[in-house]
Amino acid sequence: MNDLAIAAHQVRYEQKAYWRNPMAAVFTFAFPIIFLIVVGSSAGAAKVPGYTLRYDQYVVVAMLTFGLIAACYTNLAMAICTRRETGVLKRMRGTPIAIGSYMGGLIGSVLIVVALLTVLVVGIGMAFYHLHFPYHPGAVLLTLLVGIVTFSALGLAVTILVPNADAAPAIVNGIYFPVVFISGVFYPLAQGSVLARVADYFPIFHMIRALVSAFEGGPGSGLRAGDLLVMLAWAAGGLWVTARRFRWEPRRPK
Amino acid sequence: MPDDVAISVRGLTKSYGSFHALAGIDLDVRRGEVLAVLGPNGAGKTTAVEILEGYRTRDAGEVTVLGADPARRARSLRARVGIVLQECAVDPYLTVTEALTQRAYLYESPRAVADVVSLVGLDEKAGARVKVLSGGQQRRLDLGLALIGNPELIFLDEPTTGFDPSARREAWDVVRDLCAEGRTVVLTTHYMDEAQALADTVVVLAGGRIVASGTPDTLGGRDHGMTTVRFALPDSAGVGDLPLPAGVDVAVRGGFVEFAVLEPTEVLHALTRWALDRGESLAGLSVVRPSLEDVYLALTGDPANIAAPGEQGR
Chain A
1 MNDLAIAAHQ VRYEQKAYWR NPMAAVFTFA FPIIFLIVVG SSAGAAKVPG YTLRYDQYVV
61 VAMLTFGLIA ACYTNLAMAI CTRRETGVLK RMRGTPIAIG SYMGGLIGSV LIVVALLTVL
121 VVGIGMAFYH LHFPYHPGAV LLTLLVGIVT FSALGLAVTI LVPNADAAPA IVNGIYFPVV
181 FISGVFYPLA QGSVLARVAD YFPIFHMIRA LVSAFEGGPG SGLRAGDLLV MLAWAAGGLW
241 VTARRFRWEP RRPK
Chain B
1 MPDDVAISVR GLTKSYGSFH ALAGIDLDVR RGEVLAVLGP NGAGKTTAVE ILEGYRTRDA
61 GEVTVLGADP ARRARSLRAR VGIVLQECAV DPYLTVTEAL TQRAYLYESP RAVADVVSLV
121 GLDEKAGARV KVLSGGQQRR LDLGLALIGN PELIFLDEPT TGFDPSARRE AWDVVRDLCA
181 EGRTVVLTTH YMDEAQALAD TVVVLAGGRI VASGTPDTLG GRDHGMTTVR FALPDSAGVG
241 DLPLPAGVDV AVRGGFVEFA VLEPTEVLHA LTRWALDRGE SLAGLSVVRP SLEDVYLALT
301 GDPANIAAPG EQGR
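For the record, the sequence lines run as chains A and B. At position 99 of the first sequence the residue is numbered 99 (the numbering used here), and the sequence of numbers has no breaks. At position 3 of the second sequence the residue is numbered 3 (the numbering used here), and the sequence of numbers has no breaks.
Hint data in this document are derived by calculation from the structure and do not stem from the laboratory. Treat the hints with care, since some could be wrong.
[Unchecked claim] Using C-beta positions, here's what the derived DEER-type ranges look like: (1) G11/B / F177/A: 30 to 38 Å; (2) L161/A / E124/B: 39 to 47 Å; (3) P22/A / A197/B: 27 to 35 Å; (4) F186/A / G162/B: 24 to 32 Å; (5) G182/B / I99/A: 40 to 48 Å; (6) A233/A / E108/B: 36 to 44 Å; (7) T272/B / E249/A: 55 to 63 Å; (8) L120/A / D177/B: 49 to 57 Å; (9) D177/B / P137/A: 53 to 61 Å; (10) M23/A / G127/B: 17 to 25 Å; (11) E108/B / F186/A: 24 to 32 Å.
[Claimed, not checked] The calculated lysine-lysine pairs, modelled on DSS-like cross-linking and capped at a C-alpha distance of 25 Å, are: (12) K131/B / K47/A; (13) K16/A / K131/B; (14) K16/A / K90/A.
[As the list claims (entries may be wrong)] A few chain A residues that don't get close to chain B, going by computed Cβ distances all over 12 Å: (15) A5; (16) I6; (17) A8; (18) N21; (19) F35; (20) A46; (21) G87; (22) V88; (23) L89; (24) M92; (25) T95; (26) I97; (27) A98; (28) R224.
The model shown is predicted, which means the values in this text are computed figures rather than measured ones. Even glycine gets a Cβ: it sits at the ideal position worked out from N, Cα and C.
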């Protein structure tokens, strides 16, 4: 049996399960879109200092990032923690499926979700906030792809810290929310500010900056290789600890 | 290894820190056989079975499952083994048919999904999502998932816990059918009647050792044990009137006579003739060998058994 065909088959069923679970869809779609409408319509049409995008257009890009992180990092981590706790992962290891096919099914499902989210959020931006179609669509795609890899890897890695499914929301969100708030998701960071210097260490700020650059018109490819490298470093770190410490079974007192 | 051996274990040990979960296990399971693993909690059942399933590694000893070492976790082996764990491990948002279809795709020659749905008695729930199934129905789906890949060897960890009596009987029938098809079944259970009904061989684990093994009828010398005879004492007779051999310890409780003998044939013959001659009957007559549960409790309750070296598995 072809591992790739199995992964594709897994994607189908991951998608079925995904859309029937209201929580995941709410966090990934409803939140970014509500924020987009509320924050975007109050942000005004002034340009963000240092960018050619307006505030409301910046919010579109920021919310795309926000939704992508919900789809990759949050949803993936929650799904893994729940499945680990309920024995789904253990059970899966008892079947002949390759780990790559299983994880491929999960990530493939995330890809579909992010694609849909991108179309929706960018569509709203273009329809209501005069967002121009990305000047560098290739750079947008590549940045989104790096974002998916990075935040999926971090979603897998964070499950190592979660002792049981009850603790999952607190730990997963407890790590993520502070970083979201300091990374310029809800308002652009003033360049050189203290916050920007702190956010510089984390991947979310770099994701937004790279995406903004790909959306903006300007000379060059729109690619911000430096930002993508910072993200990939986080991805590599996440994958490294995942490979070493990932648990398929819940922690149980002996 | 001969072709008719499904599982072979020699000198298996496993420790967690200073705790010896398995202190040297020897075991053979023939193909087409049902092995029941009994033992109190903490006896090492789960550790032993999970080593056979490939979930845990061993410290020492030889383990062969369908000709392969399960610790290597080869896909070719996993494809031939079906596992039912204690938790119902299925995505709650898929339907019964979807869960089985998804799983079937992982195997080279799976059974037909509709057949498996019927086999585990979920026809009426085929289109229902897993999360709306009752606990017993989820367990049956679990069994179906273990069978979908057409496995040669099936591990069932307490497969009927939470089943109502009729569902248990149906599950037993499924297990019997699996054996009739030549598949091998290893089951752990706390129900003695389940072991009695299904197992060809029973092993009793206690303190990380096999303290007894044998068929359900001979386990722990059950076939050589004392047989208890019990009946209502006829109104017209006293205990002293009964034709019992000398030295038998007779108790009378609530109008019932009860005694235990090694070989009941002769004494029963004498008793029934005595009753017929007097025109009486032996109301409520029962002749009972020690139950599997009696033997089990004696085996696992005896500290000497736990300290003593385990008997060899067959």
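Checked hints:
no.: 1; hint: G11/B / F177/A: 30 to 38 Å; in the structure: 53 Å, violated
no.: 2; hint: L161/A / E124/B: 39 to 47 Å; in the structure: 43 Å, holds
no.: 3; hint: P22/A / A197/B: 27 to 35 Å; in the structure: 44 Å, violated
no.: 4; hint: F186/A / G162/B: 24 to 32 Å; in the structure: 48 Å, violated
no.: 5; hint: G182/B / I99/A: 40 to 48 Å; in the structure: 31 Å, violated
no.: 6; hint: A233/A / E108/B: 36 to 44 Å; in the structure: 41 Å, holds
no.: 7; hint: T272/B / E249/A: 55 to 63 Å; in the structure: 59 Å, holds
no.: 8; hint: L120/A / D177/B: 49 to 57 Å; in the structure: 51 Å, holds
no.: 9; hint: D177/B / P137/A: 53 to 61 Å; in the structure: 59 Å, holds
no.: 10; hint: M23/A / G127/B: 17 to 25 Å; in the structure: 23 Å, holds
no.: 11; hint: E108/B / F186/A: 24 to 32 Å; in the structure: 52 Å, violated
no.: 12; hint: K131/B / K47/A; in the structure: 50 Å, violated
no.: 13; hint: K16/A / K131/B; in the structure: 14 Å, holds
no.: 14; hint: K16/A / K90/A; in the structure: 21 Å, holds
no.: 15; hint: A5; in the structure: 8 Å, violated
no.: 16; hint: I6; in the structure: 6 Å, violated
no.: 17; hint: A8; in the structure: 10 Å, violated
no.: 18; hint: N21; in the structure: 5 Å, violated
no.: 19; hint: F35; in the structure: 26 Å, holds
no.: 20; hint: A46; in the structure: 45 Å, holds
no.: 21; hint: G87; in the structure: 4 Å, violated
no.: 22; hint: V88; in the structure: 5 Å, violated
no.: 23; hint: L89; in the structure: 8 Å, violated
no.: 24; hint: M92; in the structure: 8 Å, violated
no.: 25; hint: T95; in the structure: 5 Å, violated
no.: 26; hint: I97; in the structure: 5 Å, violated
no.: 27; hint: A98; in the structure: 7 Å, violated
no.: 28; hint: R224; in the structure: 38 Å, holds
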